[in-house]
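**Q** Here is what each chain is made of, one letter per residue.
Number of protein chains: 2
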Amino acid sequence: MEILITNDDGWGSKGLTTLIHNLLPLGHLTVLAPDGARSGMSNAISSNTPMTLHHLPNREDMPGVDIYTTSGTPSDCIKLAVNVLFGGDSNKIDLVVSGINHGSNAAIDIIYSGTMGACFVAAEQGIPAIGFSIYDMDADADFSYMEPYLLRLTRELYEKGMPRTVCYNINAPKGAIRGIRYTRQCISHWAEEIRPLQIVDGEQTYAMTGYLVNDEPEAEDTDEWAVTHGYLSIQPCSIDMTYYGKMG
Amino acid sequence: MEILITNDDGWGSKGLTTLIHNLLPLGHLTVLAPDGARSGMSNAISSNTPMTLHHLPNREDMPGVDIYTTSGTPSDCIKLAVNVLFGGDSNKIDLVVSGINHGSNAAIDIIYSGTMGACFVAAEQGIPAIGFSIYDMDADADFSYMEPYLLRLTRELYEKGMPRTVCYNINAPKGAIRGIRYTRQCISHWAEEIRPLQIVDGEQTYAMTGYLVNDEPEAEDTDEWAVTHGYLSIQPCSIDMTYYGKMG
Chain A
152 MEILITNDDG
162 WGSKGLTTLI
172 HNLLPLGHLT
182 VLAPDGARSG
192 MSNAISSNTP
202 MTLHHLPNRE
212 DMPGVDIYTT
222 SGTPSDCIKL
232 AVNVLFGGDS
242 NKIDLVVSGI
252 NHGSNAAIDI
262 IYSGTMGACF
272 VAAEQGIPAI
282 GFSIYDMDAD
292 ADFSYMEPYL
302 LRLTRELYEK
312 GMPRTVCYNI
322 NAPKGAIRGI
332 RYTRQCISHW
342 AEEIRPLQIV
352 DGEQTYAMTG
362 YLVNDEPEAE
372 DTDEWAVTHG
382 YLSIQPCSID
392 MTYYGKMG
Chain S
152 MEILITNDDG
162 WGSKGLTTLI
172 HNLLPLGHLT
182 VLAPDGARSG
192 MSNAISSNTP
202 MTLHHLPNRE
212 DMPGVDIYTT
222 SGTPSDCIKL
232 AVNVLFGGDS
242 NKIDLVVSGI
252 NHGSNAAIDI
262 IYSGTMGACF
272 VAAEQGIPAI
282 GFSIYDMDAD
292 ADFSYMEPYL
302 LRLTRELYEK
312 GMPRTVCYNI
322 NAPKGAIRGI
332 RYTRQCISHW
342 AEEIRPLQIV
352 DGEQTYAMTG
362 YLVNDEPEAE
372 DTDEWAVTHG
382 YLSIQPCSID
392 MTYYGKMG
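Chains as they are written, first to last, in the working numbering: chain A, 152 to 399; chain S, 152 to 399.
Chain A on its own, in the form it takes in the complex (with noise of 0.2 Å):
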C-alpha cells in the first residue's frame, strides 16, 4: 500500500510523529507535511503564494519512509504530493491519513480544520482519507491510550472502503478510552472569540479566543458526546455539502 502522511501541527509534532511510528508497517509511506504550524486553517490553499518542497533525510526511527515539508497549508500538502510526487495520478496513493491534531476536531471544528482540510482535498481526489485528532492541545499530549487504534482503525476503515466524497474524522478523548462511538457531527457553536489586545500607537487589535457550546448536550450520538465521555468517536463526513432536507 502506498500511503500519504500529513498534519496541520507541522512537521515535528508528536502527533504526527506517533501516526507515522504506528503506520509503519501498513506499507510504503510517503509524508508530506507543513514545516510549522497551520492550526485553523481549513481548506485554504496558498492561491497567491510559491509553496517550498523540501525533501528531508531518512530518519532512524522512519526506516523506508520518505520525508517531505512544505511552507504551504494542509490542503496544499495533498496537492503538492498528487501532482509533483505521483505525477498528478492520484490513483497512486492508496490512502491519506492526516494529524495526529493537537486539539479535538469534533463538531463544528471539522470547519475550520486543517487537519480534516486535507483530507477533504483526498476525497475531493477520489483518495480514501482518515483524519486523527486528539481532545488534547498540549504539544506533549498523551497518544498512548490511543496508539493501539491507530493501526487497526486504519486498516478496518480502508478495507471497509469509502464512497466517492466521504471520509473519516476521528477523535480520541483526553486520557483512558472506554470504547468506540459512531457518531454524527454535534450542533455546536464557539462564543465570546475575540479579545481585544493592548493598544499600539493608538490602534486596537483584536485575538481570536473562546470555547466551544453543545447546542444539544444531552444527545448522546453526537462526536462532541464521545470525545467529552471518554469514546473514541468515528465520524463519517462528506465533501457533498448540499442539504437535502426540506427548506423553509
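Quick caveat, the hints were computed from the structure, so don't treat them as lab data. Errors might be hidden in some of the hints.
It does not matter which identical chain is used: a pair holds within one copy or between any two.
Said to hold, decoys possible - Lysine to any residue pairs mimicking SDA-like chemistry, simulated, CA-CA at most 20 Å apart:
| # | residue 1 | residue 2 |
| --- | --- | --- |
| 1 | Lys-243 | Ala-342 |
| 2 | Lys-397 | Gly-277 |
| 3 | Lys-165 | Asp-186 |
| 4 | Lys-165 | Leu-207 |
| 5 | Lys-397 | Arg-306 |
| 6 | Lys-325 | Gly-178 |
Dock chain S against the given chain A, drawing on the hints supplied.
**A** What follows is chain S alone, placed relative to chain A:
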C-alpha cells in the same frame, strides 16, 4: 432588518460594491470586509495573528451604511462583527450576505471559498446567510445580468427561512441568465494544480494553477451544470458534514 455584509475579495471590489448598492432597500447595512483579497481562504481563522478593525468614513453612494475593514479572513469578519460590533449577541444580526465573489463557488470550490466560509460561520452562529458569486474572475466582471436578482432573492430566501445549519450558495453564470435552478453540489475535482516556478538560489518553488473537472458532466441537476449552461444556481448547503448514507 439588520444585515451584515462581507466578502473575500476585500473592501473596494466591484462585487462587494454592487451587492451593497442593491441591498440598500433591505434595512440597515453593516459592512465588515477584509482590507484586501482573501481568495481561497476557506474557513481559515487568524488563530495566531492579531486582527485590525478600522471604521471607515461614510460614503455618499452608501447612505446609512456602517463600513469596517479588517486584516483578518472572511471567517474572522463574522466573528469580529458578532463579538465586537454586536456585543456578542448574534441575534442582533438578521442576515449575513457574502459576496459578490469574482469567480464561481459552485462544485468543489465551495470548500475552498472564503465567501462561503463567512456564510458557514454565520450558520454556526444561527444567523441566516446567503453567498453570491459570479462565474467570472475578472476584477471588472459584468454584474448587470445578476443585479435584478440580488434584492429579490435575498428577500425571498430570508422570508422562506433556513434550518439551523443551512445557508445558501448562489452562483450566477457569466452573461445573460436563462433562469433559476435549485441545484446540488457537483461531484468534481481540480486537476494539474501545481506549476513549478523558476529556480531561485537553487530553490524550486511551486504555484497553484489548474482547472476544475466535472466528474458528472451529464447530470443536469448540479450547480456546475447550471452556471455553465446560463442558469443561476441556488444551492442550499449545510455545515453538518456528517455522511448519513451507508458506508462500505
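**Q** Okay, which hints does this one fail, numbers in order?
**A** Hint 6 alone not satisfied by this model.
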